[in-house]
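Protein sequence lines correspond, in order, to chains E, S, C and Y. Quick note, the first sequence lines up with residues 1 to 82 if you use the working numbering. Quick note, the second sequence lines up with residues 83 to 164 if you use the working numbering. Quick note, the third sequence lines up with residues 165 to 310 if you use the working numbering. Quick note, the fourth sequence lines up with residues 311 to 456 if you use the working numbering.
If you are wondering where the hints come from, they were derived from the structure by calculation, not from laboratory data. Wrong hints could be hidden among the right ones.
Unchecked claim - Residues from chain Y shown here face chain C by an in silico Cβ test under 10 Å; the list is partial:
| id | residue |
| --- | --- |
| 1 | 321 |
| 2 | 326 |
| 3 | 333 |
| 4 | 347 |
| 5 | 411 |
| 6 | 413 |
| 7 | 450 |
| 8 | 452 |
| 9 | 453 |
Unchecked claim - With a straight-line Cα cutoff of 25 Å, these simulated PhoX-like cross-link-like pairs (lysine-lysine) come out:
| id | chain 1 | residue 1 | chain 2 | residue 2 |
| --- | --- | --- | --- | --- |
| 10 | C | 287 | C | 221 |
| 11 | C | 206 | E | 50 |
| 12 | E | 36 | E | 50 |
| 13 | Y | 433 | Y | 367 |
| 14 | Y | 433 | S | 132 |
| 15 | Y | 433 | Y | 352 |
Claimed, not checked - A few chain S residues facing chain Y, derived, Cβ under 8 Å:
| id | residue |
| --- | --- |
| 16 | 91 |
| 17 | 137 |
| 18 | 144 |
| 19 | 145 |
| 20 | 147 |
| 21 | 148 |
| 22 | 150 |
| 23 | 151 |
| 24 | 152 |
| 25 | 158 |
| 26 | 160 |
| 27 | 162 |
| 28 | 164 |
Values in this document were obtained by computation on a predicted structure and should not be read as measured data. Built from N, CA and C at the ideal position, the CB exists for glycine as well.
Here's the letter readout for the chains.
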Amino acid sequence: MIDVMYFAWVRERIGLPRERIETDAATVADLIDELKAREPRYEMAFADLKSLRVALDQELSSFDAPLAGVREVAFFPPMTGG
Amino acid sequence: MIDVMYFAWVRERIGLPRERIETDAATVADLIDELKAREPRYEMAFADLKSLRVALDQELSSFDAPLAGVREVAFFPPMTGG
Amino acid sequence: MRLSVQQDSFDLGHEANAFAAGITGAGAVVTFTGVVRDNGGKLAAMEIEHYPGMTEKAISGIMDQAMARWSLADALVIHRYGRLVANDPIMMVATAARHRADAFAAAEFLMDYLKSRAPFWKKEIGADGSEWVAARDEDEAALTRW
Amino acid sequence: MRLSVQQDSFDLGHEANAFAAGITGAGAVVTFTGVVRDNGGKLAAMEIEHYPGMTEKAISGIMDQAMARWSLADALVIHRYGRLVANDPIMMVATAARHRADAFAAAEFLMDYLKSRAPFWKKEIGADGSEWVAARDEDEAALTRW
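In isolation and in its complexed conformation, chain E is listed as follows (with noise of 0.2 Å):
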């Protein structure tokens, strides 16, 4: 089990602000192509990754690194904060 959590256009796409997902995905992409393959709002949220970041347990991190032991992972876009 793993929290996913997603902020501004990303959660406006996908409906919610965060689910618990049971997954045996091996990284942040498989995540995502697991994700994709339930419902067209995932697959329009996702569907351009160089507009999306991604955090592993509330540290930025890429979309091939390893899912073994987060348990957050958050997905949102380029940040605009200051």
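Got chain E; can you put chains S, C and Y on it based on the hints?
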């Protein structure tokens, strides 16, 4: 007649903040030579021109600048504002 | 060193004075304040979303880096989230150092990292709809200078 | 645009708020404040001498250059002269711009020119005598970047 002003340690070495001087000096350097010839305190103040700056009519200038038409000459060390 | 991620507004003058009063031996104090632009009257509000937990972690990490890299006497970051209107202060950075070059460099470094590495997302709400603010290429490029 | 060369002290927070309140359409406000360092308790006072007339002329010229060179919404310079003690504010610069890079660059430019081109001279007065502050080579060198 020209107004000559001194600031910071130049003022302290010469012992006065300003004076009116009757001079035919063509350039700042000529004026300095005249002043140095007057008294040791002037010679001391103008001993090292590299540590001095000059302003003509309140604009930074150079020692070889002509004095024609100038009403106010100021001598001082490099500025230390801010 | 103080970090505040908050919904409430803050007073630039009050924060600047409190920051300056707390430092000793530092001759140079720099502040940066970000204010909501009204976009020529087209902006009704700005919504700032963030990632609680990661926000504090990311900014603390950035501040630790700044403290280690420059000779800072102190540093402050305040960043708001939630609903803001035109002319509201969004965020503030303050740095104090013995020499001005360190205070300026650290403040710019903190701003560059806050812009692109702290998990905040701005949405502009106008009369004719709302839009997520797009990240600017030059903000990402600004990171390469550090 | 406001310039004040004054003997009286000033309040950083008050000035920062007044400056920020006066600008519109600018998202970025930078302030720099110079404070008298106590040099580890050795400083009794600081005397700042200036050249009335030339001071205002030189700083106005520097501010005009900054306004022309960057897209500034506004700029402020306050510089004191006379007798100051440790922790007194010496001077302040504020800039406002649409983008932070302009506000930062203009504030640093103003500081670099104020340091070496505005006719102020500082004298540090300690328990065991007084000394004119020497100009730093790096302050003169800083001008070459603009």
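We went through each hint and held it up to the structure:
1. 321: Residue 321 (chain Y) check passes; min Cβ-Cβ to chain C is 7 Å, inside 10 Å.
2. 326: Since chain C brings a Cβ to about 5 Å from residue 326 (chain Y), closer than 10 Å, the hint holds.
3. 333: This hint holds: residue 333 (chain Y) lies near chain C, its Cβ roughly 8 Å from the closest one there, short of 10 Å.
4. 347: holds, 5 Å
5. 411: Since the shortest Cβ distance to chain C is 8 Å, the answer is holds.
6. 413: holds, 7 Å
7. 450: violated, 14 Å
8. 452: Because about 8 Å separates residue 452 (chain Y) from the closest Cβ in chain C, which is inside the 10 Å limit, the hint holds.
9. 453: violated, 13 Å
10. C:287 x C:221: holds, 23 Å
11. C:206 x E:50: Roughly 30 Å separates the two Cα atoms, so the pair is violated.
12. E:36 x E:50: This hinted pair holds, its Cα atoms lying about 16 Å apart.
13. Y:433 x Y:367: With Cα atoms ~23 Å apart, residue 433 (chain Y) and residue 367 (chain Y) stay inside 25 Å; holds.
14. Y:433 x S:132: holds, 20 Å
15. Y:433 x Y:352: Given that 25 Å is the threshold and the Cα spacing comes to 13 Å, the pair holds.
16. 91: holds, 5 Å
17. 137: Interface hint status for residue 137 (chain S): holds (6 Å vs cutoff 8 Å).
18. 144: violated, 14 Å
19. 145: Since chain Y brings no Cβ nearer than about 17 Å to residue 145 (chain S), farther than 8 Å, the hint is violated.
20. 147: violated, 16 Å
21. 148: Violated. Min distance 19 Å.
22. 150: violated, 20 Å
23. 151: Violated, because the Cβ-Cβ distance from residue 151 (chain S) to chain Y comes to roughly 17 Å (cut-off 8 Å).
24. 152: violated, 14 Å
25. 158: With Cβ-Cβ at 7 Å, under 8 Å, it holds.
26. 160: holds, 4 Å
27. 162: With a minimum Cβ separation of about 5 Å from chain Y (threshold 8 Å), the hint on residue 162 (chain S) holds.
28. 164: For residue 164 (chain S), the interface hint holds, since the closest Cβ of chain Y sits about 4 Å away, which is under 8 Å.
The structure does not agree with the numbered hints 7, 9, 11, 18, 19, 20, 21, 22, 23 and 24 stated previously, though it agrees with the rest.
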